[in-house]
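Engineer: Sequence:
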Amino acid sequence: MTTCLAALLGLTLALPAVAASAATNSPAKAAAASAKAAIPARAAAAAPGSDWLHVSGNQIVDAAGNPVWLTGVNWFGFNASERVFHGLWSANITEITRSMSQRGINIVRVPISTQLLLEWKNGQAAAPNVNTYANPELAGLDSLEIFEYWLDLCETYGIKVLLDVHSAEADNSGHIHPVWYKGSVTPELYYQAWEWAATRWKTNDTVVAFDLKNEPHGTANDTTRAKWDNSTDIDNWKNTAEVAARRILAINPDVLILVEGNEVYPREGKTWSSPNTNPDLSPNYYYNWWGGNLRGVKDHPINLGANQDQLVYSPHDYGPLVFNQPWFDKPFDKASLTDDVWRPNWFYLHENGTAPLLIGEWGGRLGQDARQDKWMTALRDLIVENKLHQTFWVLNPNSGDTGGLLLDDWKTWDEQKYALLKPALWQHGGKFVSLDHETPLGGTGSTTGISLGQRYSDGGGEGDTAAPSVPGQPTATAVTATGATLSWAASTDNVGVTAYDVLRGGSVVATVSGTTYNATGLTASTAYTFSVRARDAAGNVSAASTGRTVTTTAGGGTGPDQGCSATYRTTTSWTGGFQAEVTVRNTGTTAGSRWTVAWTYPSGTTVGSLWNGVLTTPAVTVRNADHNGALAANASTSFGLVGSGAAATPALSCTLA
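Numbering (mature numbering (1 follows the signal peptide of the UniProt record, and there is no 0)) for the sequence shown: -19 to -1, 1 to 638.
A hint or two may mislead.
Stated by the list, open to error - Derived DEER-like restraints, expressed as beta-carbon distance ranges:
#: 1; residue 1: T205; residue 2: G453; range: 46 to 56 Å
#: 2; residue 1: R228; residue 2: K392; range: 32 to 42 Å
#: 3; residue 1: K392; residue 2: D362; range: 24 to 34 Å
#: 4; residue 1: T527; residue 2: K392; range: 50 to 60 Å
#: 5; residue 1: D362; residue 2: T527; range: 24 to 34 Å
Claimed, not checked - Below, a list of computed lysine-lysine pairs in the PhoX-like style, where the Cα atoms sit at most 25 Å apart:
#: 6; residue 1: K315; residue 2: K279
#: 7; residue 1: K102; residue 2: K163
#: 8; residue 1: K183; residue 2: K102
#: 9; residue 1: K311; residue 2: K355
#: 10; residue 1: K355; residue 2: K315
#: 11; residue 1: K392; residue 2: K403
#: 12; residue 1: K392; residue 2: K412
#: 13; residue 1: K403; residue 2: K315
#: 14; residue 1: K403; residue 2: K355
#: 15; residue 1: K279; residue 2: K251
None of these hints come from the bench; they were simulated from the model.
We put the CB at the ideal spot given by N, CA and C, even for glycine.
Put together the whole structure using the sequences plus the hints.
Structural biologist: Structure follows, in structure tokens:
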């Protein structure tokens, strides 16, 4: 779970005492054998390897090439000092697993530590502290035996498993450490732990995916940090992920490999040696959530050679109740979050067909902050509209700043949160879809789920597999030094076109519902090639149209048709400080690509921090950030600041070019 700059996310909460149980005195292995024999048999045994998954473009598919949708949840505990799922101090492992399957969870991401994998590898598995009165089937089992007992349960109920190295050490706060090596856990031992896991479950197609490392992070000035470049440095996460993946795939070439992002990436013209001073004063890096920054893939993609068809990128994303990122301090919606945060950091990989995305962590509390609810709904909708794979954070109610899908009794579901999640769970014909070809989600006789085989059997296939026709070649009007208006002939579809992707130079720059798009933020006297492609409600995408090359006019500067206004508003104040917002508006008739606002405060009043703009001092001058410089005619943007001293309303000057 990510905290960005915040502290632990509830993994250090005191755990309930385990109830005493007469079952703890039962013969260990006899009880284990009896418990395993009690697991219901599957309806039919799948052929070995029949459920392994692969990658085709931005989709995950089965062996027959049928698209699948991985929609699940996280359940933590094996990563922590307890070395077992949390909740087993009171709830029953079989009941929890069956409940997940009946509710539509077709994959579970299981955080684990490298330390625990190495203990298992070395035959050092110990019996964890579980309530054997509530879990008689686990009496006498060590942590590895409990995990593999649970894998059998997952097979019974049609659930697949994604194993995630959450931390180097078995520690409730281990995820705070930024990299994959720590103390006695060296990079080589990290690789060996994954090789052991690949060997252990290479014939078990319940374990279909490995998430190589949870939330690599750290910034340039940190002593230990995770970077992304083409070096073989010890702290280069991109190189580490490639080495780990290749060593895993040499053992099991059918397991999916998930690679998360890191935290920061150098801006254009900057390097990993650039200082990481205050981002508002010296914006040398793009910042995002831990694990959520995949900008580096554009310059340095993961290369798995012959096994590239097993690669999935896996960002994390959270709302303001986890950490109040700058983009939550201005009005936002799904479109602005997509443009400002999701597309530049990771969504472009899906839009450009580079690879599939599985959002490994997202979630949070509901009903406490309107911005939080708005963010979670927006991301849910992005997931559903694009069939992005996802594992919701989290099942556990003891995740401090997100809560869980289960309430504190570990039995009752949070129905409000589940209702938000449910549309992002794979359903067909009113039933949840398993990733198992033989076993329905929910197990034999399930009334809520079907198997993958049923999903693609006669009468169970896709209702709409036809892509829209290719849109017309765009035409360009109102071409200026910084923008142009594009329009094109509509596509046709057997059901209906829902949106168009606008591509510039082959990369998606916008998704619109109509057949026009205003391109802004362009450079004077520069040629750009635009094309469009159509989407329908089922996620089918047309081929791209013929491209149209547009050359912007020469120009620049602020003229009579390119004006600018700036309005200053103090939003709150307190003794010795205040917060303010400045709105910048293009009052001219042509688009602009960059703006600057300046003012002078009274003596003793200064700017302490600023977002959505770039500050220079000692005179107060603010220029646009990279994401909000383009302003169409009559369009506006805003930036915010926190100041020290007396609140004031200064006179502003504004220029737009």
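Engineer: None of the hints should be skipped; say for each whether it holds.
Structural biologist: Status of each hint after checking the structure:
For the pair T205 and G453, the supplied restraint of 46 to 56 Å holds, since their beta-carbon distance comes to about 53 Å. A hinted range of 32 to 42 Å holds for the C-beta pair R228 and K392, which are about 41 Å apart. Evaluation of the 24 to 34 Å hint for K392 and D362 yields a pass: the beta carbon distance comes to about 30 Å. Between T527 and K392, the C-beta spacing of about 58 Å keeps the proposed range 50 to 60 Å intact.
Separated by about 31 Å at the C-beta atoms, D362 and T527 satisfy the suggested range of 24 to 34 Å. Between K315 and K279 the CA atoms are separated by roughly 23 Å; this keeps the pair inside 25 Å, and the hint holds. As the CA atoms of K102 and K163 are separated by approximately 18 Å, the hinted pair is consistent with the 25 Å bound. For a cut-off of 25 Å, the pair hint linking K183 to K102 stands: about 15 Å separates their Cα positions.
For the hint pairing K311 with K355, the CA-to-CA distance comes to about 13 Å; that is within 25 Å, so the pair holds. Using a Cα cut-off of 25 Å, the hinted pair K355 and K315 holds, with the two alpha carbons roughly 9 Å apart. With a C-alpha separation of about 18 Å, the suggested pair K392 and K403 falls inside the 25 Å cut-off, and the hint holds. A C-alpha spacing of about 22 Å is found between K392 and K412, which places the hinted pair at or below 25 Å, so the restraint holds.
Proximity of K403 to K315 is assessed by CA-CA distance (about 19 Å); at most 25 Å being required, the pair is judged to hold. Taken as a hint, the K403 and K355 pair is honoured in the structure, with Cα atoms around 16 Å apart against an allowance of 25 Å. Taken as a hint, the K279 and K251 pair is honoured in the structure, with Cα atoms around 15 Å apart against an allowance of 25 Å.
This entry satisfies every hint, going by the numbered hints stated previously.
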